[in-house]
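Asker: The lines below spell out each chain.
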Amino acid sequence: MSGVSVTKDAEDTVPTADLVVLSNVNKHFGALHVLQDIDLTIARGEVVVVIGPSGSGKSTLCRTINRLETVDSGSISIDGKPLPHEGKELARLRADVGMVFQSFNLFAHKTVLENVTLGQTKVRKADKKAAETKARALLDRVGVGAQADKYPAQLSGGQQQRVAIARALAMDPKVMLFDEPTSALDPEMINEVLEVMQQLARDGMTMVVVTHEMGFARSAANRVVFMADGKIVEEASPEEFFSNPRSDRAKDFLSKILHH
Amino acid sequence: MFDFLEGYDLLGAFWVTVQLTVLSGIGSLVLGTVLAAMRVSPVPLMRSFGTVYVNVVRNIPLTVIIVFSSLGLADVFGMTLGAADDFEAKYFRLAVFGLSAYTAAFVCEAVRSGINTVPVGQAEAARAIGLSFTQVLSNVVLPQAFRSVVGPLTNVLIALTKNTTVAAAIGVAEAALLMKEMIENEAQLVLISAIFAFGFVVLTLPTGLILGWVGKRVAVKR
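Chains as they are written, first to last, in the numbering used here: chain U, 2 to 261; chain X, 113 to 334.
Heads up, some of the hints might be wrong.
Said to hold, decoys possible - The calculated EDC-like cross-link candidates involving lysine to aspartate or glutamate, where the alpha carbons are at most 20 Å apart (straight line), are:
(1) U:K89 - X:E293
(2) U:K232 - U:D38
(3) U:K123 - X:E236
(4) U:K82 - U:D97
(5) X:K333 - U:E241
(6) U:K111 - X:E236
(7) X:K333 - U:E133
(8) U:K175 - X:E236
(9) U:K111 - U:E133
(10) U:K130 - U:E90
(11) U:K252 - U:E241
(12) U:K123 - U:E90
FYI, nobody ran anything at the bench for these hints, they're computed from the structure.
Turn these sequences into a full structure, and let the hints steer you where they fit.
Answerer: Right, dumping it as structure tokens:
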């Protein structure tokens, strides 16, 4: 009896386990049906890696989660709240969802430090001193503390992407979205970014990662989502997916990328 | 040779030209930036207002706008801009109003072309950290847009400097009005024209050179 009630209390105090819920999401780009009846649930602390061939809709899926892309039908909710329409509410929600882009998108006219403090001061209304202290700590954490006063164009791709991760982390996001974070990087810079992401995953951050890095998917993912032609074709643990894919589409995809 | 200049306040007239230029420059920069923001805003009504404003105003001759400010706004509708009894101040202010309204259309289009040079990813990244539309514009997009259109804005400013001569049409005592008066009274037609041409070059040439240097300094490296 008492055991049951304790469990129930524990459940009440912990917020809902599902952080991001997409249900029956559809999206078209003109005649192209890029997202077809997508159902996906991401639990708190889970690392979900989305893989699939180019044009399968995985980047679009990632971008719908903070409504950089709108959807035609279906619903998306974050932490139990459905995505609001464009406006103040949506801005508030986006502050809780960190995003890292393929092309880094650091603010080109601001220094590295200013990139990381902008959101803190303008959105979180933190004072300048506190924001800078936090920014420097985050930059140290991703290993670019020495570059704080440089401009983005003076940094290598790998350094820029790590700054972009620090910029997103500065908002204390509930979930981090990575849209092909290493696809624009020179090969020797990929690992420095993946290591930061792996550390984040170990620290318990909820992450949605669209990537072509199968090594990262194997080592850091709790779950692999395989997309093709706008549909989620297969979802499985990484061990199961890479050693024993069920669908023909996934077998075909893996045979093309893993045999080098 | 320059005896005929005696009795004319050349510097005073050019000082009025400078005042017209600076005040209208500030006015058109503010209004033009607001119009550009409207033209890229997500609200359809604002977008159409910006588009209509630009296409109406830039296609009307400046003389018509200045004369309308004086005869229409001031005399018919009684808009005196806080100087009902002081004629000189009233027409000066109306001229600044007309010049700002006209030049804003060109500033708007220059700024809008600057906004188009800012990669869309910059605005996406700014939205992704939770900035509102106006915050995205004022903190990320416009600072980069302005840096890329210093050149085009310099052209607008030089054109504005020369356009201030139209204020003579409503009797503002700037350089062109003095020139007209001198041509009527003196025999040195070529010399008078040359002096006023030189005066405008003295104003605009340094503007172009300095802003050209500024444009290179502030350019955003990508």
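Asker: Hints first: check each against the structure and report whether it holds.
Answerer: Okay, the hints, checked on the actual structure:
Straight-line distance between C-alpha atoms of K89 of chain U and E293 of chain X comes to about 59 Å, which puts the hinted pair past the 20 Å bound. A threshold of 20 Å between alpha carbons decides the hint, and for K232 of chain U with D38 of chain U the separation of about 7 Å falls inside it, so the pair holds. A threshold of 20 Å between alpha carbons decides the hint, and for K123 of chain U with E236 of chain X the separation of about 16 Å falls inside it, so the pair holds. At roughly 12 Å between alpha-carbon atoms, K82 of chain U and D97 of chain U fall within 20 Å of each other, so this suggested pair holds.
Between K333 of chain X and E241 of chain U the alpha-carbon distance is near 46 Å, which puts this suggested pair outside the 20 Å criterion. Taking the CA atoms of K111 of chain U and E236 of chain X, the gap is about 16 Å. The hint holds against a cut of 20 Å. Simply put, K333 of chain X and E133 of chain U have alpha-carbon atoms about 24 Å apart, too far for the 20 Å limit, and the pair is violated. Distance restraint check for K175 of chain U and E236 of chain X: the Cα-Cα separation of roughly 19 Å lies within the 20 Å cut-off, and the hinted pair is therefore satisfied.
The straight-line distance between the Cα atoms of K111 of chain U and E133 of chain U is roughly 14 Å, inside the 20 Å bound, and the hint therefore holds. At roughly 27 Å between alpha-carbon atoms, K130 of chain U and E90 of chain U are farther apart than 20 Å, so this suggested pair is violated. A threshold of 20 Å between alpha carbons decides the hint, and for K252 of chain U with E241 of chain U the separation of about 12 Å falls inside it, so the pair holds. The straight-line distance between the Cα atoms of K123 of chain U and E90 of chain U is roughly 15 Å, inside the 20 Å bound, and the hint therefore holds.
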